[in-house]
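Visitor: Single-letter residue listing:
2 protein chains.
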Amino acid sequence: MTVNPDYNIRVDLFKESPTRKIDVIKEKLQREGKDIILLSTGQPSIPPPKWAREKLSRELLEESMRLYAYTPTQGRKTVLEAIKQELEEHEVKLRDKQITLTAGGQSALYATITVLFNEGDNVVVFDPMYFGYWPLLDYAGVNVIDIVEDIKQGFKPDLDKLEEITSKKKIKAVIIVTPDNPTGRILTRDEAERLASLAEKHGFYIIVDEAYRTLVYEGEHHYLYKYAPGRVIALNAFSKDPGIPGWRLGFAYGPEWIIQRVKLVVQETVYCTPAVAQRLVEIYLSDRERRRQHIEKVKQVYRRKRDTIIDEINKTLSKAEYTKPHGGMFLFLNLEKYLEPKSITAEQLSLKLLEEKGVATVPGSYFSKHYKHALRLSFVSETPERLREGIRRLAQLLEEI
Amino acid sequence: MTVNPDYNIRVDLFKESPTRKIDVIKEKLQREGKDIILLSTGQPSIPPPKWAREKLSRELLEESMRLYAYTPTQGRKTVLEAIKQELEEHEVKLRDKQITLTAGGQSALYATITVLFNEGDNVVVFDPMYFGYWPLLDYAGVNVIDIVEDIKQGFKPDLDKLEEITSKKKIKAVIIVTPDNPTGRILTRDEAERLASLAEKHGFYIIVDEAYRTLVYEGEHHYLYKYAPGRVIALNAFSKDPGIPGWRLGFAYGPEWIIQRVKLVVQETVYCTPAVAQRLVEIYLSDRERRRQHIEKVKQVYRRKRDTIIDEINKTLSKAEYTKPHGGMFLFLNLEKYLEPKSITAEQLSLKLLEEKGVATVPGSYFSKHYKHALRLSFVSETPERLREGIRRLAQLLEEI
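Residue numbers (the numbering used here), protein chains in the order written: chain A, 1 to 401; chain B, 1 to 401.
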């Protein structure tokens, strides 16, 4: 790339997505005919339910512009109503202007951060955190204060520490992901209530990323919004449920004055969200009972896979540390005891594992400044047998080095 | 909306899309059972060809994640290759990193403006200009210099004036839309060459919006890029051809160092572009002959409609000024001789026309600081009979006031 100072150099803070590097090597190996076990991808392995796809499939044959037309930026009324209705069952009550569709979760992140933050604002995050946030916070020019979540405490957010920080200085917002990517940790009701009351007391906002809210294996998802409706902006996606990550549809809800501006940013960045994704989600949400059945089926499959990967880790990696994920798609595996004595980083291990053993993972360092010897393992896309095989190859490699 | 200074107030420069106001009134009237003649919409009236929809329709029934998965931000290789191949027929030769997909034309606009401009940069635009640019330029904080295009000269860009300006001060970029929205003017080869040579000579960039490039009724589209490849960033969309405005797919091409950064902005705003739109376009572009037939059919229909609206204007609005649009979907109708003597603005007329006569249009003032008595009329979405009826009702209203 030619260096040319004649542009907005701040965009260089937007580095290429770190998982892209892994994908490039993976694709090269696959072209060479190598079979790769995918523990790297944040992608569901089950497509949307067939009945919903069938209906959309039929509508594609109609001679009408209906399916192809622009929609309002906020989204089709029927989609918005269906989402609001579902949230109401969880005691999240929204007025019309408190919700807007976004072009996937990323668009919700980008728009919310653009609206809320000014340069120099203090923003508290919990480490490890989904890698997508780091470049956006850099670009916004905010001051990031990270609180490390202890793997031995199940990655619980340290709210005492948060209270200490917020008592000392003005905090603009706290960002939290629940169910978490990359740890699978979910907030308890007590934690949700305490976090919300701290926000009210100290006047900060909570950006809560709920992209995995319907994938909870034990316990339940607690909606932060209902404990502090004036302070919580919730970000969501339809990527994981019903499973259309590439179709780019998500939504944000929260205080009207914020959401109306989030909508304006979505308008200026993409004009409207993909109409075809809105239609599929509209169909999907219209049949509550079949949706419930689909989610149950998906959870059953993913839960079994999670149990399989844990079983294999317990068998073959006795010195590894992890916390059983209660939601989401990932397990965060700390291999410090294997790697630290040999001064091997997670990036080096992840690369070796991919090139020599054909297993793709994401280094934990993409999510954390603290955990330098961890890997994020996705347990949803491979079969139970291949999950076991992936862990066995990892164990082999750790013995060899 | 509660006023709260505790946010990034620059986003308030992103006002709601002006056509949205018209849509709200239009929808209200339609709910009341009123039949509205739509001369306001920038939407094609013909869906993508059936053979392409049929193939996608079948693929929706497959039990695979292929159609739903994330894609690289830049886009699927097959789509990028198909676009590059087509451009090469027009002597636009691109290396792999000189093109990236975007989430529709808007996403290409947003990303390019974000990458290229710093606060205070001088940017030349031609008035009238597509309304989508104004808020983005406000947000970027650039200094906009507008050159009025004379309706009597067929809205030709005044390149003498441009040369005068660029000789006097440092210009960062020129923005031009061809075929134009709202005027339907297309650049001649001489104009394209001269504009490109000015860019080379004075070191400014050209952002050329080619969203309507396949909808040319007389003459041909001249690709600015080939005359100044280091200086031209071209923005495109699949909204008009094959007709999927709501599916949000477009692309940008130009110098690698710019396009690679445009890609990063697309990555951070939407992660990737809609996979389902990529797939439909992949199918559509794969059959060159059937695509050519589809475009010919569409152009024939639109050309006939254009001729109809012009015929009716000539019959009933003798004092109106316009330039015959040689491309695109719109006619820009100057009603100064009717409105100026009565001190009626285009907004007032447009509103009256919608509420009293059931005809939706867009006031020219959304596109222009100069033309205060014009309307933008879309000639593609209504039948020829209803186009005539719309113009007759406009003529009636002008007589009444």
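Hints are supplied without guarantee of correctness; some may be wrong.
Intra- or inter-copy, both count: the list cannot distinguish identical chains.
With a straight-line Cα cutoff of 16 Å, these simulated EDC-like cross-link-like pairs (lysine to aspartate or glutamate) come out [said to hold, decoys possible]:
{"no.": "1", "residue 1": "77", "residue 2": "23"}
{"no.": "2", "residue 1": "50", "residue 2": "63"}
{"no.": "3", "residue 1": "28", "residue 2": "256"}
{"no.": "4", "residue 1": "352", "residue 2": "191"}
{"no.": "5", "residue 1": "97", "residue 2": "16"}
{"no.": "6", "residue 1": "15", "residue 2": "193"}
{"no.": "7", "residue 1": "97", "residue 2": "385"}
{"no.": "8", "residue 1": "201", "residue 2": "150"}
{"no.": "9", "residue 1": "369", "residue 2": "16"}
{"no.": "10", "residue 1": "172", "residue 2": "6"}
Don't read these hints as lab results, they were simulated from the structure.
Visitor: None of the hints should be skipped; say for each whether it holds.
Guide: Now the hints, each set against the structure:
In this homomeric assembly, residue 77 and residue 23 come within 16 Å of each other (Cα to Cα) only across copies, at 14 Å, whereas the closest approach inside a single copy is 38 Å. For the homomeric pair residue 50 and residue 63, the shortest alpha-carbon distance between copies (8 Å) is at most 16 Å, but the shortest distance inside one copy (23 Å) is not. Taking CA atoms no more than 16 Å apart as the test, residue 28 paired with residue 256 passes in neither setting, with 47 Å inside one copy and 23 Å between copies. With identical chains, the CA atoms of residue 352 and residue 191 are never at most 16 Å apart, being 39 Å at best within one copy and 56 Å at best between copies.
Taking the closest pair of Cα atoms, residue 97 and residue 16 come within 16 Å of each other only across two copies (14 Å); inside a single copy the shortest separation is 34 Å, beyond that limit. Within a single copy, residue 15 and residue 193 get their C-alpha atoms no closer than 36 Å, and across copies no closer than 36 Å, so neither meets the 16 Å cut-off. In the homo-oligomer, the alpha carbons of residue 97 and residue 385 never lie at most 16 Å apart, since the shortest distance is 47 Å inside one protomer and 39 Å across protomers. Within a single copy, residue 201 and residue 150 get their C-alpha atoms no closer than 26 Å, and across copies no closer than 60 Å, so neither meets the 16 Å cut-off.
In the homo-oligomer, the alpha carbons of residue 369 and residue 16 never lie at most 16 Å apart, since the shortest distance is 18 Å inside one protomer and 40 Å across protomers. Taking the closest pair of Cα atoms, residue 172 and residue 6 come within 16 Å of each other only across two copies (9 Å); inside a single copy the shortest separation is 33 Å, beyond that limit.
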